[in-house]
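Visitor: Residue numbers (our numbering), protein chains in the order written: chain A, 1 to 181; chain B, 1001 to 1500.
Some clues are possibly wrong.
[Unchecked claim] Rough simulated footprint, nothing fancy, chain A against chain B, three-plus residues with beta-carbon under 8 Å: (1) 1009-1016; (2) 1030-1037.
[Claimed, not checked] Anything over 10 Å on all C-beta distances counts as not near chain A; from chain B, calculated: (3) V1145; (4) N1148; (5) N1412; (6) R1435.
Calculated from the structure, these hints are not laboratory results.
Note that the structure is predicted; figures quoted are calculated from it, not measured.
We put the beta carbon where it would ideally sit given N, CA and C, even for glycine.
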Amino acid sequence: VSVELVERARDGDPRAFEALVTTRIARLHATASLVLHERTLAEDAVQEALVRAWRSLPRLRDPERFDAWMRRLLVHACIDAARGARQDRKVHELPVGLAAGGNFENTIAERDALARAFAGLTPSHRAAFVLRHYLGESVQEVADALEIPLGTAKSRLHYAEQAMSVALEADARLTLEGGVA
Amino acid sequence: MTPSSTPDPRFQTWLAAQVPAVPDDLLDRSMRRVAETPQDRGWTVRWPVLRFAPPIAAAAVVVVAVMAVGVLLGNLPHQVVGPPPSQTSPAPSSTPSPSLYVPGAWQLTSIPTPPGHPTFVVLAASPDASVVLFRDADAYDHVFVARNGAVTELQLPGSDPGTPIAVLAAPSGWSAVLQRGARLWRYDLARGSLAELPPVPEGAGVQWLSFVSDNELVIVEALADTPVHPTQVWTLDLPSGDYAKLGSRTNVEMAFGTERGVMLVVDESPAHDNEGWHVYLADADGSDTLAYDASGETELAVSRDGRYLALSQSVAGTGPVTIVDLDANRTATLAPGGVVRSFSPDGTEVGVETDGELRAYRLDGTIAATIAAPDAAAWVGAPTVPSPAPSPAEPPVRVYNQTSVALTLVVNGSAVAVVPAEGLADPVTAPMPGRPWTIQLQSPSGRPLVTLDVPADDITVPLYGQPGNLACGLIVLAVGGSLPVSEPAFSPALGAAPCA
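Start from the sequences, fold in the hints, and give me the full structure.
Guide: This is how it looks when you write it as structure tokens:
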């Protein structure tokens, strides 16, 4: 974290804030996209999180914690968006395996099964899973970001991992039986 | 339930492949919105909602507003309940005093700045704001008490670092329940005492806590942490520590105490993702009666009498706020937008957060009051709180408490004020409902010590409450007259039961 940039942004410098955001927006957008599984909502959530961050920055005492704080704002913006948009949700399926830098080691069958399993998780379970397995956060950090007790974070992760593991194993069997490369 | 000890590279690979490209204009669009947004530079206190589960956001108990320094402070009524101001007013602080909306009075008052905590989240406050429970905005596992300007950490027994502590304020504001993991404590704000409560019988996760009254909690216990999870609903009698099972259901997310009984909010949406709720009245015979299908709404509040629901369309405040009259089976638009926070104590107004303001809407949709709320302010639901604003024509109520225990003044079933041990309320300045009144002075355990019925008619002679069999000291309750100055109106009974 650039402490100086955070401090300048905290003092009201929008250019400093933009500099902070520029280097983080891809990760924020990726996280929101994974949690929400819906493109428009994800973009809205990122914007909302950034607005909340800018507005509340003067209250961030420890600039070193900017990233953790930003993640927390993003996760809450995602969950708010998921809950608030159910009425007129327009589903835009995310592309599978099309992202730049994406890894194509997974088989098509695996991806389908995993996508189904992932889509079956609630936004809060997806958030826990993404924070843990995409951003590589510790379970405690997941709990902090979601503002849930550690035990709840563990159980959410366990549930999500179980669902995803079952999908992986099912596709591994398919691969063996069908010879899908 | 134990998650994997390290991030799984197979999942990481798959997740990375799902990420779409960042839209070229996302940064620009975001910065345009940022440019239109002022930073919050007012001295603010953030009022929390319990975040142990998304729906809990709708219903913690302290009703508050956060506002910049000085706004509206000059002409605010200031409810004085409890010890005299000279003993309880916080020491002057060199930093500004923000304001808080006190649930019992449905009014604003000021609170001191906790030294060393420039950004804090208020968890509970006594009605006169002389005692404030708060936590640092970034630390969920510590709770502090500001009392008379001094700040100390509230030490919960046992060490469990990193585990968040949830705090729920009682309707009167004079006590709070704290939860850490499976353990519960009751904190007496007036005395500063902490007592552990018996654990929930099944020992599973506490999903929801709500006060039915100062002496009773309703607790929703989740027996699994899966999208479809069995839940049990308990009531806990706080003085005795006795649990009573109200019933079992799948996916009970919230429970509110009302005069009609406990109302359960159940997630019956297809995906069980808190996006479609049914509201049930939990009948005493163990059955549930469907009161309302709230599918489509998110945040909700329930009036104390159980007649009205107020519902938001989204947590973002988009879409109209509706008011549902369960008796008339009628739904109307209350406000064009906003997030419902709570009903006023008398059920005649609804607190709605919208456009950076907290607005009190009357049930006909007109606005009764507006308070600036620059940021993450929240009115947090107060399903059971004291009585509405006083009528100037009401006769004065005076209490002389010579006992060693604090007494709760209860009017028509609602706690209105607390008179401290060896304290005087002459007169009681807390808002009172319209008459007739049934007034009780209750011991800390909820035992009525003095009862007095006050008719709606004009009072031509002073009325005095007849005390029960007291051994703890003199208690005088007077309505429409003065307190006796020379001779005690009543003498403590010899050999009687203790007050507490």
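Visitor: Could you work out which of the previously given hints the structure breaks and list their numbers from low to high?
Guide: The structure breaks none of the hints.
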